[in-house]
Amino acid sequence: NAGVTQTPKFQVLKTGQSMTLQCAQDMNHEYMSWYRQDPGMGLRLIHYSVGAGITDQGEVPNGYNVSRSTTEDFPLRLLSAAPSQTSVYFCASSYSGGLSGNTIYFGEGSWLTVV
Amino acid sequence: AQSVTQLDSQVPVFEEAPVELRCNYSSSVSVYLFWYVQYPNQGLQLLLKYLSGSTLVKGINGFEAEFNKSQTSFHLRKPSVHISDTAEYFCAVTVNTGFQKLVFGTGTRLLVSP
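Protein sequence lines, in the order shown, are assigned to chains A and B. Per my numbering, residue -14 is the first one in the first sequence, and the count goes up by one each step. Per my numbering, residue 822 is the first one in the second sequence, and the count goes up by one each step.
Simulated from the structure, these hints should not be mistaken for lab results. Backbone N, C-alpha and C define an ideal beta-carbon position, used for all residues, glycine too. Hints may be right or wrong, so weigh each one.
[Unchecked claim] The following label-pair restraints were derived from C-beta to C-beta distances:
hint : chain 1 : residue 1 : chain 2 : residue 2 : range
1    : A       : S81       : B       : S824      : 47 to 55 Å
2    : B       : L932      : A       : P46       : 30 to 38 Å
3    : B       : Q863      : A       : A37       : 49 to 57 Å
4    : A       : T0        : B       : S873      : 30 to 38 Å
5    : B       : P833      : A       : P68       : 29 to 37 Å
6    : A       : T55       : B       : P833      : 22 to 30 Å
7    : A       : D58       : B       : I904      : 37 to 45 Å
8    : A       : G1        : B       : E837      : 48 to 56 Å
9    : B       : P833      : A       : M26       : 35 to 43 Å
[As the list claims (entries may be wrong)] In the DSBU-like style, the derived pairs of lysine-lysine whose C-alpha atoms are separated by at most 30 Å in a straight line are:
hint : chain 1 : residue 1 : chain 2 : residue 2
10   : A       : K(-6)     : B       : K890
11   : B       : K870      : B       : K922
12   : B       : K922      : B       : K890
13   : A       : K(-6)     : B       : K922
14   : B       : K890      : B       : K879
15   : B       : K879      : B       : K922
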């Protein structure tokens, strides 16, 4: 079972560059989301989606764009990278965003460094 | 709005000793509570969750947690830890109505030594 797959695992960007973090899940989950993990701050929600064509902002959305054209994919775009976006990014999914008790499954993470 | 406090950033313990990782939450509404574990350079894996019913919840790898509504706590325990339990542990909470948005604590690093 592939579960939640993120690519790339490691990336170094220069300030001002753009890139896309890819996320795909093969569990037919409606709910997908992106978190960033920073030391001493836990995980913070960036954007989320409750289904294809529907996205919304989380706790720290500035500097990031998302779209959800298919159920399987939920890419995260950095339009103009800044050093403050150096972080570990996690994609997550669950069966239904409407039921708060469902288990959320996480990808392996993407380590991004902006220099 | 709910928040989660993990009181210890790091907990050192010897192998085969018991351990308790503390988590307190604040919320004006009923919540669901979760503990996740993150091994080095990996994603997060669900250990256990409390939705309703019995306040003592058993999870994977011998961990358990007790929901205490009056103290707004959800502490994680294991009676005897192994070296392989060395990891970071995150407590998380979500409101039990509407769309699921997990709010995470800052994490507790469990360091198990021989």
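Looking back at the hints listed earlier, which ones does the structure fail to meet? 1, 3, 4, 6, 9 and 10
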